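**Student:** Here is how the chains run, residue by residue.
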Amino acid sequence: MAGIEVSALHKRYPDGTVAVDHVDLSIRDGELFVMLGPSGCGKTTTLRAVAGLERQTTGDIRIGDTLVNDLPPADRDIAMVFQFYALYPHLRTRDNLAFPLRAEGLPKAEVRERVEEAARLMRLGPLLDRRPHRLSGGEQQRVALARALVRRPRAFLMDEPLTNLDAELRADMRTEIKHLQGELGTTMVYVTHDQVEAMSLGHRIAILNKGRVEQIGTPLEVYDRPASLFCAAFIGSPPMNLIEVEVADGKLRSQGGLALTPPPDLPRDRRLVAGVRPEALEVTEPGAEHSVPARVVSAEWLGDEIIYVVDHDGHRDVRVRMPPTVRFAADAPVGLRHTGGPPPVYDVSTEELVA
Amino acid sequence: MALSVDEAVSTGPARDHAPPSRRFGGRGRAVLEVALLTVLAVVMLFPVLWMIETSIKENRDVYAIPAKFFDFKVTMEHFKDVFVASGGGRSTLSASFLNSVLVAGVSTALATVLGVPAAWAYSRFSVKAKKDQLFFILSTRFMPPVVVVIPIFLMYRQVGLIDTKLGLILIYTAFNVPFTIWMMKGFVDEVPAEYEDAAMLDGYTRLQAFWRFTLPLLLPGIAATAVFALIFSWNEFVFAIFLTSSDDVRTAPPAIAGLIGGTTVDWGLVAAASVVFALPVLVFAYLVRKHLVAGVTLGAVRR
Ligand SMILES: Nc1ncnc2c1ncn2[C@@H]1O[C@H](COP(=O)(O)OP(=O)(O)OP(=O)(O)O)[C@@H](O)[C@H]1O
Ligand SMILES: [Mg+2]
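If you read the sequences in order, they're chains S and C. Residue 202 in my numbering sits at position 202 of the first sequence, with consecutive numbering throughout. Residue 127 in my numbering sits at position 127 of the second sequence, with consecutive numbering throughout.
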């Protein structure tokens, strides 16, 4: 087991595409580290560089104490699970699992023992004698995970391993992976573009955008205080409302007069945007205390909650999360007020968190 | 999803169930189709049929006017003449058949050994100006062989390759390598690179990964490609007739053509030699037909 240190990683493909611009990551030993970002932001490329399947243009990668820049994948002692499971089609499950071990030249008895153990962990017993094409997607994925396990590598790398599964199975597998990682205590780097997956799995999350790291933090940190406008707009479903605000006599006010609790140390003379979570707002009867007049544009009934989309002077499409018991008709005049603590505030020009 | 090539083939028959919309016209259309196909088959197959008939007719019946279609005496004399010289011993024709086997076999093997790894490399690695290189490789097949035969003849004379089997093998290989690279690149593209990635993480080198995981999946494609290369080399006529002259180097196509052109032509012998010449390729293609179909249709199957 080992931590992974990525410093100043830069990858430019021969065709000129800069897939990774500048990435620093410090992944701790035993951590479940998630890399999250939109399609094409360089997640896979970063992961493949760590695995040794892609040579970075510049930058260093360390696994444990070893600088692995020039080590071939085989010598890095890591296992990778791909989005496309890459089980050898001509081998039965049993042999697929045994393959990496035979490659290492382990004695037969130990190979059998380790295969049994991995099969038990991933509950593959009845599937051991089937070939991949006779397994369902979920089963194939379990075999792929088991294949990563048998080697007892220093770290697991997972590239969107659940993307090809349906929603229900995905949730199950998520729990399973998290449980497994906790049990084994092996460092895991998990790549996904699904924020739910990222939030529920990760000890820490790195948010990537255009080949750069926007933020690294625990799921809670990332959710509460997105480090940039990009993160603010990316995390959460629906994401934060980005509301232009001004500082006036110690208050934070939107153009329409909506008052927000101001964070301390607000800089002056800058154009600011506050990131307000939908659950930090409230739709009220018109004219309620501290509320500003607004109008319901639409409502999404999600069963356990309602997402109201409201317009209020100068701001369109503000999203508010309300309990399902509070009901307003579309087009109804309502009040809108802020109920949460101080929101994160961003500078419009730098797009960075300022307070 | 992991899909082996054999499964890819097995999806074929499903397509025989025509969707309802194609049933439009029903019976009349079917009759028309069968009629057209029959006409086509007769036109295509008649020369073949006539060749086979001629090869087993006695000379008397071969030259009979009007031509005899059915009531002739069957003889195997012509086939004996193909292999056995008139004075006993091996005939020159049989020697040229052996030459054909050797030249076609070796050149196909060479083209496969050179072309498959090249195709793999073009598919897997980023190569500078890859598209241009591939276009250049293909462009060597644009012109008909007869265009380059004179320069090749002159060059071969310089280096002493005229009238040698090695010379023929080299030129056929040179023609088959581009074809092999192009065909095989398609097949390699179809095999997910993740197999090799996974194998490399499992402790294999890149070459081992190719050899142990990608290559077995490529076998149907290789078989298909090799059959096409083999057929090209086996049937090739222009280079064979220009670059060889002696009986112990000549391949079968010029040797059979050489039978025609004396004052009298032994058509029975020509036909029998042609049958013997056509047979191996037919048998071979039949044996690997499963792979051939897999090879030709593989690109159409989504994984
Ligand atoms: N082999 C390659 N050659 C050239 N460009 C590439 C190559 N692989 C990836 N890219 C480009 O590099 C960028 C980053 O790709 P990468 O696969 O790392 O993205 P990703 O974050 O994994 O996206 P996704 O969520 O879609 O998997 C993309 O713009 C992609 O087009
Ligand atoms: Mg990716």
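Since the hints were made in silico from the structure, they are not lab data. Source: prediction; values computed, not measured. Check before you lean on any hint, since a few could be wrong.
Restraint-style ranges between C-beta atoms, simulated for each label pair [claimed, not checked]: (1) His22/S <-> Asn235/C: 42 to 48 Å; (2) Ala174/C <-> His133/S: 36 to 42 Å; (3) Ser26/S <-> Arg141/C: 30 to 36 Å; (4) Leu166/C <-> Pro126/S: 55 to 61 Å.
Glycine is no exception: its CB is placed at the ideal position from the N, C-alpha and C atoms.
**Student:** Quick one: are His22/S and Asn235/C within 42 to 48 Å, going by C-beta?
**Tutor:** violated (59 Å)
**Student:** Given the hint of 30 to 36 Å, check if Ser26/S and Arg141/C actually sit that far apart at their C-beta atoms.
**Tutor:** violated (54 Å)
**Student:** Please check whether Leu166/C and Pro126/S have a Cβ separation lying inside 55 to 61 Å.
**Tutor:** Once the Cβ atoms are compared, 59 Å apart, the range 55 to 61 Å for Pro126/S and Leu166/C holds.
**Student:** Given the hint of 36 to 42 Å, check if Ala174/C and His133/S actually sit that far apart at their C-beta atoms.
**Tutor:** The hinted range 36 to 42 Å holds for Ala174/C and His133/S, with Cβ atoms some 40 Å apart.
Hints 1 and 3 from the earlier list are contradicted by this structure; the remaining hints agree with it.
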